[in-house]
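Asker: For reference, the chains in residue letters:
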Amino acid sequence: MSRIIVIGFLLAFSACASVSTEDPMPQNGFMGQWDRFKPGLLFEGANLYGHINGGSEVYLELGFDRLEVQKFIHKGNQLSIEIYRMSDPVAALGIFLLNRGEAGAGDPSFRAPHTLNPYQLQFVRGNAYVTVNNLTETPNAKQVLLSFADYAAHRIKGCELGDIFAPLPKAGQVEGSLRIVRGPFTLERVYMLGGNDPLLLGGKETAIAADYEQGDNDPSSLILAQYGSEEKAKAGFENLKTNLDPYLDKLVVQDQRLVFQDYSSKFGEAVLEGTAIRVHVNLVSKPRV
Amino acid sequence: MNNPYTPVNPDRLFGCDRRRFLQTFCCTAAGGLMLGAPPLYGQDDKKEKKPEKPAIKTNIGDYMKVPRARCAIPGLFPGKVVKVTDPDSYKDEAFDKDVIEKMVHKGIRKLTGKTMKESFGLLFNEKDVVGIKVNPVGAPLINTRHEVTQAVIKWLTDCGLPKENIVIWDRFNESLEEAGYTAKNYPGIQIHGLNRYSVKLKEDGTHPDEPNFDKEAFYYAEGVEGKTGKETMDLQYLSQHVFNGQHSYFGKLLTRKITKIINIPGYKNTGNGVSMALKNLAYAAICNTGRLHRPLFFRVCTEVMAAPWIRDKLVLNILDGIRGQYDGGPGKNAQFVYSNHSLYFATDPIALDVTGHNELLAKRKEMKVKVSEHPRYFSYFNDCEKLGLGMANKDKIEVIKV
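So the protein sequences, as listed, match chains A and B.
Residue numbering for the first sequence follows our numbering, beginning at 21 and increasing consecutively.
Residue numbering for the second sequence follows our numbering, beginning at 2 and increasing consecutively.
Please note that the accuracy of each hint is not assured.
Stated by the list, open to error - Some chain A residues well away from chain B (every beta-carbon gap over 12 Å; in silico):
1. Gln98
2. Asn153
3. Pro266
4. Gln276
5. Val279
6. Arg298
7. Val304
As the list claims (entries may be wrong) - Which chain A residues face chain B? A few, computed with CB under 10 Å, are given here:
8. Pro59
9. Phe63
10. Ile72
11. Ser107
12. Arg120
13. Asn154
14. Tyr211
If you are wondering where the hints come from, they were derived from the structure by calculation, not from laboratory data.
Positions of the beta carbon are idealized from the N, C-alpha and C atoms, including for glycine.
With the rest of the complex left out, here is chain A (with noise of 0.2 Å):
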């Protein structure tokens, strides 16, 4: 299972073609209105904190390249577009999940996975993850939003990443929870396992995460996190358990499995299964052998 699961991934990747060669912005009178405002910015690598100050360490940790930012202005309105360049399509993904929220209905025509306010779209295409923010009360604002999202979409790359979820059981997924994780800031989106890396992911190898129903009570998170080694998954989980965050009471030590109880009397457990770590936090009841 786990080393289907790495090919899985490995193929996912060469599926996808990199970098576009069109300039997504569009230029000085687009739609026949809107013309650039001001210089560009552009924010690379880690001085992505000058455009989100506090925030950026998501984005830092799935794989970022660079951010453009534009603004326009049409007749006192302004919008602008944010083009964050990731550095594969399942970073971009990521980051796409951990901010859609409910999705809700977008527009049928634009057809980029996305989410649609009259303040902003967003859309995951390729190796990008793009918001057209409106800064204004501009009218028709979703009609603009769509069109200057839609320019920027054919001129961005896209790739089928296929089923890369499939891993992780559908029954009783609660939808909208999945997660793409690399490292210690997106895993704590999900739950926090310890610092400093718990599970060695070092925004190198990926997890995968859903959250699944337990009746009445809060759902309970999967996390299953794929290495491209038995040594290297092995390595992991001798660091989770060595590392477990303090608030986290260990219950059972063993090879290949953990059992702990959380601050909240809830129950985790860690199984080491080839390469893959398998571990299910937030369960109501202390799971048995």
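Here the structure of chain A is known, so what remains is to put chain B in place on it, guided by the hints.
Answerer: Coordinates of chain B only, in the frame set by chain A:
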């Protein structure tokens, strides 16, 4: 008014023995993850204190040596938060300026128990230079509303404060301008960013806004620098953050000009924490902050507030919760913005943020957002209380709803 809090030795608070200096750089994944676990205060008292881990050395001890001013936070009303709610404040996608002004009046009067004129006299005098710290990020959705800022300015000027003694400020000039905080929209009021972030460095490689910062007033974090070793990225960092060493300097605006601060933050999350009163000030008052997010996020929100240039000047906080954002923050994310119709008033920024944190937590649960109640997202409030900055125990905070 007596401060009921007795500050503890800050070096023991963060697991760093004053007599032992760190020999090696210990980098934390995020503020709080490696700080150990200070005793919880009013939260889960059943948990034993966890072993402390080595922490990054800062200069918080220097701040604590400076005697507190009379009006130092938590201010005249420790542990007291007034929440004013009016559904007419934002209706049919329009803000009602008059309703919001009335809310500001109600909130201040209820907080102080005095008239508006008397409240002014409690907190200011006519010679004060008042810095209004807005949050311009996320315009037009979740930035500090102009209607709130304008109501506050009107109160100050009606009570005799000259317009030229009022400064609307933030870290970056461009952010203020983008959010509409301009000389044109606020005639006679000073608009002041600590630095520009899209400016070319000088020939000697320095930022032209270096003179805006006070080299004698800083937040020091040992071994934490804004350098990557890659020239282009380091130059970009400098053009935004002005300096990239181990010191984050306070703006001279705060150390040498402003005598009082009114803090008007937005109402939003940052991951499982909040970006409200503490974040709004702590990360805006100093430069070179990019280096601090990963290793020291919550700790900066705690320690910078203890610096005398904030601690002794911050007299009033008004949390702008007319609209809130319950997820996707701290940047703007329209998916999660909602109408909250409320303003919150406090002299005690800790009590205010605790109140906001708990409300936003409830909202996140209501909206079925993934929530973590790990103690680290709250423990920094307890640390603030131990430093004598305000009240963190939600059972002791008085929230008055109007």
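Asker: Hint by hint, note whether the structure agrees.
Answerer: Structure-based check of all given hints:
1. Gln98: violated (8 Å)
2. Asn153: violated (7 Å)
3. Pro266: violated (4 Å)
4. Gln276: holds (26 Å)
5. Val279: holds (19 Å)
6. Arg298: Its Cβ never comes within 12 Å of chain B, the nearest being 19 Å, so this holds.
7. Val304: About 15 Å separates Val304 of chain A from the closest Cβ of chain B, which puts it past 12 Å; holds.
8. Pro59: holds (8 Å)
9. Phe63: This hint holds: Phe63 of chain A lies near chain B, its Cβ roughly 7 Å from the closest one there, short of 10 Å.
10. Ile72: Hint holds; Ile72 of chain A Cβ to chain B Cβ min 5 Å, cut 10 Å.
11. Ser107: violated (15 Å)
12. Arg120: holds (7 Å)
13. Asn154: holds (8 Å)
14. Tyr211: Check passed: Cβ of Tyr211 of chain A comes within 7 Å of chain B, closer than 10 Å.
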